[in-house]
Structures are given as structure tokens and as C-alpha cells.
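Undergrad: Protein sequence lines correspond, in order, to chains V and C.
Positions 1 to 465 (this note's numbering) are the ones given, in order, by the first sequence.
Positions 1 to 285 (this note's numbering) are the ones given, in order, by the second sequence.
Don't read these hints as lab results, they were simulated from the structure.
Careful, some of the hints might be misleading.
If we take Cβ atoms under 10 Å as the criterion, some of the chain C residues that face chain V in the derived model are [stated by the list, open to error]:
{"no.": "1", "residue": "Q64"}
{"no.": "2", "residue": "V66"}
{"no.": "3", "residue": "K68"}
{"no.": "4", "residue": "E228"}
Lysine-lysine pairs mimicking DSS-like chemistry, simulated, CA-CA at most 30 Å apart [what the hints assert, rightly or not]:
{"no.": "5", "chain 1": "C", "residue 1": "K180", "chain 2": "V", "residue 2": "K218"}
{"no.": "6", "chain 1": "V", "residue 1": "K175", "chain 2": "V", "residue 2": "K3"}
{"no.": "7", "chain 1": "V", "residue 1": "K191", "chain 2": "C", "residue 2": "K3"}
{"no.": "8", "chain 1": "C", "residue 1": "K3", "chain 2": "V", "residue 2": "K175"}
Where is the CB? At the ideal position from N, CA and C, for every residue including glycine.
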Amino acid sequence: MAKISPKRTPMKEQAPEVRRHNFDEVPFGYTPEEAKVEAQRCLRCKKPGCVEGCPVQVDIPGFIRHIAEGNFLEAMKVMKRTNVLPAICGRVCPQETQCEGACVLGKKMEPVAIGNLERFIADWEATQPECVMCEIQPATGKKVAVIGSGPAGLTLAGDMRKLGHEVTIFEALHKPGGVLMYGIPEFRLPKAIVEREVNFVRSMGVRLELNYVVGKLKTVDELLEEFDAVFIGTGAGLPLFMNIPGENYLGVYSANEYLTRSNLMKAYLFPQYDTPIVKGKNVAVVGGGNVAMDAARTALRLGAQRSILIYRRSRDEMPARAAEIHHAEEEGVEFQLLTNPVRYIADENGWVREVECIRMELGEPDASGRRRPVPVPGSEFRIPVDTVVIAIGNSPNPLIPQTTPGLEVSKRGTIVVDPDTGRTSKRGVFAGGDIVTGAATVILAMGAGRIAARSMDEYLRTGRW
Amino acid sequence: MVKILKKSILAPGVKRLELDAPEIARKALPGQFVVLRIHEEGERIPLTIADARPDEGVLVIVFQEVGKSTMLLGTLNDGDGIMDLIGPLGRPTEIERFGTVVCVGGGVGTPEIYPVARALRQANNRVIGIIGFRNRELILMEEEMRRVVDELIVCTDDGSNGNKGLVTDMLQQVIDRGEKIDRCFAVGPVIMMKMVSLLTKKYGIPTIVSLNPIMLDATGMCGVCRVEVDGQTKFACVDGPEFDGHKVNFDLLMARLKTYVNEERQAVELFRQAQTGCGCGRRGA
């Protein structure tokens, strides 16, 4: 066997000075040759840590082995057994803390670029005349309703369909995909790719009802009259604000609004598309997670001269993926770390013109284990802005909990489930994803969908709750 | 695709559409709204439900052509389709037996107050309707309103229907003649709802207004429709759209409604150009 390269095969990307002006995807993906080279770095461990590190337990050494041998079709077949959304996972999973974080190579050198390979194999399939179909088991006659077409709902739907159940997904928006569609920008996850993966789930025979708000048009109880089981995957959609003076001034957005206008409604193409967005010259984004990075980078692409990220802790505590922070920096996002807004100042028409901030220092660790940011008295200063995006998180969407009697909900508004089964306090009703955990990652939501599917199948077959 | 069953013109620039939407029609209650998107490049437009005939599966909306999207909607005809329709959204009006209620509709607020007035009457209230318009040409739904209220006052800003004055003037007259009003409902332009609320506050008449902030997803996700009520931020789409008029910060609402005036102007201009070009109403067609 040839000596293993200590470095992973780099993925070519658009140059920062070019990409900060367009919405095209940043990395170009591997060529088949690059993919083979990278796949050959895999040690084919007997006890692969990467699989354990993956919330949906993809057979990683299995598909990588086929790539290394150039059998891309076989690689895809292995992939589809456990993951119906590989093009999405390959792009947005935090691989560095999951599969790649557990890769044995990573102890001495760079771990295998598992995410890049996953992305490669999914994109390769898209160039083929036909895609690999999943095996569907004989019909069970059981009907499953899935509320929400985000990563949790899609995963559960795919799994349940494979097991022979009839599945209908109800989606409130006019496009399926949930946060994959409205939240994550085109330059990180092209919408055509989301559509392709959703279409794959559809091609398995999963029905999709769009523009359907469960809780309004039909309640969960009404769905239970028609369906044998219900899965709630409605996510964490309610934007949080800081409740500081001036937050309702014109030009102050929630990240959800800013990103939904841009991603789902294509406001960056206004006036070809009808939805407008404020194309600010000086944009401040408040927060330090992936959503904040997405908003700050979107601002640049909308034409901002300055995109300033305001985060109250230091870089070490930033929850965003390292790659996203790096991409944002390369593109010229300015970081105001250890800084927190205290109020907004508007002009005579109510448009935001300045944000007043205060410097922070880190004190003792708080409940999250991170050092708590404490304001430095007298350190207030102002930044001139014409647009502000608040990206400090979301809380669970309350619509279903409010309209479903007997569904146990936590103080934070999340639905209470048994973590091993996804079962709620209500017979036949399962839940998973952000509505259970609070705002988290795509892959954790998918993992929750997988766990709930296993348990839901058992319930449908045995009737035991 | 949602089919337009019947289109009618109620007044210059004000149109009424009957839509084939059985599921929504079955669930729709007074005070709720829908969001529609006309075509792939369109925006999501929130519109109050003006009426529903659940037995026939018909949902009725009335709209004024004010921006590009409502203008385009106005060009559609019987048999045409609307790409997306979602609803019913928002909390329904709280309908109870209050006693004597006044339902105030300003302009295109009238079709929105109509189902509320009807439901209040069905709940055995004595309903006084006040509807106001700029001029006689623009009067809407007078006959329908008359059928569902005990008394109807129709006024115009310019007096062209013989009853000059604003809805607040009419409300003042009703108060002055010694009516004991137990509750007031007002739907119309923000400034009208503000003036009605200021007036009723003086007399301690509980007042409900239906707010119309900019909306996007309208399911509680985006936060654009936030309004200040009693000093607290609320989302009109899920906490409303109806609120206590005495506690609403109307000035903030009016300011926020102006967020996209420039973009709206630009879109209307382009739409007009395209209209005079090929007449199909869509760009580049």
C-alpha cells in the first residue's frame, strides 16, 4: 500500500474576492480523480470510529472503499441504505466534530475528508441518467403523517417509506426542505440540490402536501383519525430578539426573515423576483453561530461595503463551524468579538442608523460550560449601520404544542420525548429535530428522524406503545 | 394551483375573487387571513378572508390594487390559477354576546369587517355598522353589510353620497346620541384604526383592531410582522392579527409599513411598463 498522504485532498473553491459578489456555491467539489485519491487515504478500520461518530450511522468505510476502487455506483448504493440526503449532509454536516472528528487518521495527520467524499458521490449520481433507487418493502397498509419537511421529517419519511408504510409530509411553506430551503444560503447549499434530494424522497412514493399548516387546517388529533402515526418535525422557527431599545426600527431584521427573503423568496434577484430586501451598505449581524455567518456573508453578496459580526464572547466560544468562520473571514466579514449591542439608534423616519455596543470580558463559566460574558462598564461605543440582522437563535415553533392537547411540552417550549424512541406523551405521536432539542444541526435532526422511524415502525407492527 | 372561480370588480381598483379552496373554506373563521403567491417569482401576499362558503368549498378574498403583486392579481380572471394558497392563519375574532357593538370598516377594511359583523349579529349582539370611503365611487359591500347589521351608516370623505365625514365623526355621533357601546371593532387604514382607538379610549369602549403589518411566512417564523402592544413585541401573524386598539403602538406600525416604499415603487413602475408592452402582465414574456 502506498504511503498515506498526511494532508487531505483540498477541494477547490471560488476565490474570496469573486465569491463575495455572487450567490454561487463556494467549493467546486472533487473530480473523480481527486475523490479516488482522497478515498485511498481511508485505513478501513475494523472498528470504524467514524460510523459511531455519525448520528445516522452511515456505512462510511463501505462507501469510501467503493470510491477508492472507482465503483461510484456501488458507493451510492451503500450510501442510500442509510442516508437519503447525502448531497445535503456532505455540505452542511459538522463533520469535524462527528465522523471526521472520530477518524483514526486524525490522531496523527488530517482525517479523511468524509464530508467531501459524501458530497462527491451524491453529485456524481446527479450526473447519471438514473439514480439509485431504494428498496421498498411490501406495503403494510399503515399510514404515517409527517409534519414538517425539514431534515428530520425527510429522514423519517424516507425510512418509513422503505419499510413499506404509506407516508404523507405536510409542509407549511410553498417549498419543501424546511431550514434547508429558507435558512441555508445558496452559496453553502444550492437550492437545486435540496430539490433533487426532496424529489428523490418523492420518487420513493412519499406524498408531499405543501402550503399546509397543521394546527390551523388540521390539528394533530384530526390527523390521528386518518393516520396510524404522526411525526412532528416542525423545527425551531420562532426568532429570538434581545429585547433592547430600538429593536423594531426599520432595517432591523431577524436572521430568519433576512435569510428567508434571500434564500426562499430569492430577494437577491429583486425585481425579477417580487420579494424585496434591504441592501444595506453597513450591515451588522448579531450572533456567532452558523446562521450569523450565513447572514453576514449574505449581506456582502447583497452589496454591503461592510459586514460586521458582533459576538459577545471570543472566537474560541463561537458556535459556528470553523470552516464557515474561515470562509466569512476570507470574504471580508469584520469581527467585533467580546462585544454586545445595548440599543439601536434611528433617524427621524425610524430607520436604524447606529448600533450602540458595549465591550465584554469573560467571567466564570456558566451553565453551558462556557465562560460567561460580562459587560465592561463605561466601554460603550457606536457603529454606524443601516441594516441589522439578529441571529441569536430561535425557539420552538409553538403552533403544534398549542393546538395538541395531551402533548407534554418543556418550559422552553420543546416537545418532551423519550430520547431512545422519539415517542411523545401522546400515543401514536413521535417528534424529533429542533422542536425537541431546540435549535441544533441538520444532522442531529436527521438522527432523530432515524431513531423515531425505527420506533414508529415497531409501534405500527406491534401496536405496543 | 388554486382556481379562481369568479372575479368581480367592486369599485375602481378593488376586486373580489372567489377561490376554489374547500379545505380552507371549511376551517376559516372571521378575522383570519390567507397568504397567496401568484406565480413562481411572486411574493407571499397576506389577505384577510372576506367570506367563506364551506358547503361549496369557496373562499372569498377582496383586495385593493396598491402594489405590483395586487395589480397582477387583479389581472387574473375566472379559470386562472394562483400558484399557492395557505391558510387559515391568525387567531379568529373573539365572538361573544357583548351587547351593542359597533363595527367600523374603512375602505377595503369593509370586506374584512363584514364576516365579523355577521358573526357578532349571529351571537345576538346589536350591531351598528359604520363604513367610510373617500367618495361614492369607492363604496363597497353596502348591501351585504346592511343585511348583517341592525343599523348601517355609510359616509364619504367628500360627502358625495350625501353623508360627509370620517368614520370617527360617525362614531362620535353614535356616542353623542347616547348609545351605550359595549365593544368596537375597527378594520381599515392604520391611521383610521388609530383615530378610532383614540376616540373610543376617551369613552372607555373596548376596541379591537386588525393589524396589517408586512408579513413574509405568516406562520410565526420570520418576525417581520412584529408590532408593539402594551410595550411588548408581538407577532401579528400568530399572536394577532387582532389586538386591543388602546394598547397598539400605531406610529411604529405606520413607520414599519414604509420599509419597502422605494422597492414597491420600482416594482410598480416595471409592472406598468411590462403591461403597456405586451399586456400579459409578466416581465419578459
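Undergrad: For every hint, state whether the structure bears it out.
TA: Structure-based check of each hint:
Given hint, Q64 of chain C at the interface with chain V, is violated; its Cβ is 17 Å from that chain's nearest Cβ, farther than 10 Å. Below 10 Å, beta-carbon pairs count as interface contacts, and V66 of chain C has none with chain V, the closest being about 14 Å; its hint is therefore violated. Proximity of K68 of chain C to chain V holds as hinted, the smallest CB-CB distance being about 6 Å (cut-off 10 Å). For E228 of chain C, the interface hint holds, the least distance from its beta-carbon to any beta-carbon of chain V being 6 Å, beneath 10 Å.
Distance restraint check for K180 of chain C and K218 of chain V: the Cα-Cα separation of roughly 40 Å exceeds the 30 Å cut-off, and the hinted pair is therefore not satisfied. Pair hint K175 of chain V plus K3 of chain V does not hold up; C-alpha atoms about 48 Å apart against a cutoff of 30 Å. About 28 Å separates the Cα atoms of K191 of chain V and K3 of chain C, which keeps this hinted pair within 30 Å; it holds. Our distance criterion of 30 Å between C-alpha atoms is met by K3 of chain C and K175 of chain V, whose separation comes to about 19 Å.
Taken one by one, the earlier hints fail for this structure at numbers 1, 2, 5 and 6, listed in ascending order.
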